[in-house]
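Asks: In case you want the letters, here they are:
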Amino acid sequence: KNEVEQSPQNLTAQEGEFITINCSYSVGISALHWLQQHPGGGIVSLFMLSSGKKKHGRLIATINIQEKHSSLHITASHPRDSAVYICAVALRAGGTSYGKLTFGQGTILTVHP
Amino acid sequence: NAGVTQTPKFQVLKTGQSMTLQCAQDMNHEYMYWYRQDPGMGLRLIHYSVGAGITDQGEVPNGYNVSRSTTEDFPLRLLSAAPSQTSVYFCASSYYRDRRRGMNTEAFFGQGTRLTVV
Numbered sequence: 128k129n130e131v132e133q134s135p136q137n138l139t140a141q142e143g144e145f146i147t148i149n150c151s152y153s154v155g156i157s158a159l160h161w162l163q164q165h166p167g168g169g170i171v172s173l174f175m176l177s178s179g180k181k182k183h184g185r186l187i188a189t190i191n192i193q194e195k196h197s198s199l200h201i202t203a204s205h206p207r208d209s210a211v212y213i214c215a216v217a218l219r220a221g222g223t224s225y226g227k228l229t230f231g232q233g234t235i236l237t238v239h240p
Numbered sequence: 083n084a085g086v087t088q089t090p091k092f093q094v095l096k097t098g099q100s101m102t103l104q105c106a107q108d109m110n111h112e113y114m115y116w117y118r119q120d121p122g123m124g125l126r127l128i129h130y131s132v133g134a135g136i137t138d139q140g141e142v143p144n145g146y147n148v149s150r151s152t153t154e155d156f157p158l159r160l161l162s163a164a165p166s167q168t169s170v171y172f173c174a175s176s177y178y179r180d181r182r183r184g185m186n187t188e189a190f191f192g193q194g195t196r197l198t199v200v
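Chains A and B, in that order, give the protein sequences. Quick note on the working numbering: the first sequence kicks off at 128 and runs consecutively. Quick note on the working numbering: the second sequence kicks off at 83 and runs consecutively.
Think of the hints as simulated: they come from the structure by calculation, not from any bench. All clues given are correct.
Computed footprint of chain B on chain A, listed as stretches where at least three residues anywhere in the stretch have a Cβ under 8 Å from a Cβ of chain B:
#1 165-172
#2 230-236
One side of the interface only, derived from the structure: several residues of chain A facing chain B at Cβ under 10 Å:
#3 131
#4 133
#5 162
#6 175
#7 213
#8 225
Computed from a prediction, not measured in an experiment: that's the story for all the values here. C-beta: ideal position from N, C-alpha, C; glycine also.
Just chain A, with the same shape it has in the complex (with noise of 0.2 Å):
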């Protein structure tokens, strides 16, 4: 079983639709990173979590730290919004994880017009 789960592997929605990415993980972390990949780009880090929530734009990230869980939400979803986005944790490991991260398998969103 991976360290890292995310849910759903793949996602269509329409333009304008809230989207809502799960991640699951089984591990003490020390942060949690919601990453974006567009296709054949690179990777920008879109959130770094250790407690509550944090919005940027459309974007938001939720970590709920007892449930080993945190979700992403895209409100008004716009094509330009169609990539891989990727959860990835932090290890908490002794004193320092430095900051190697252990990723999700991705999830591919596609926005409609």
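Put chain B on the given structure of chain A with help from the hints.
Replies: Positioned in the frame of chain A, the structure of chain B alone reads:
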């Protein structure tokens, strides 16, 4: 700021050839990492470095070497390429955000190197 720069972007190798993937960052970050991305597997850590002169193995280090002679550069060497090393390789960097809590910043990724071994 260029951020994290990887070269080359694409490479085709024959089985048994060796090559070096270059990675440079201009943000003075202490920590650097090499990950590989394979379909259905997610990204996996190959090697990482916590500062100049200090490197350590990640989850999938076999067949790869690294060195860190300067803060800026972290090259990844394939010693004898194999088809199983066909993948997309990402270099990343970060720095300490909260030393008391042992927490790094978000990772900054390069654009990736798509490697095919035939």
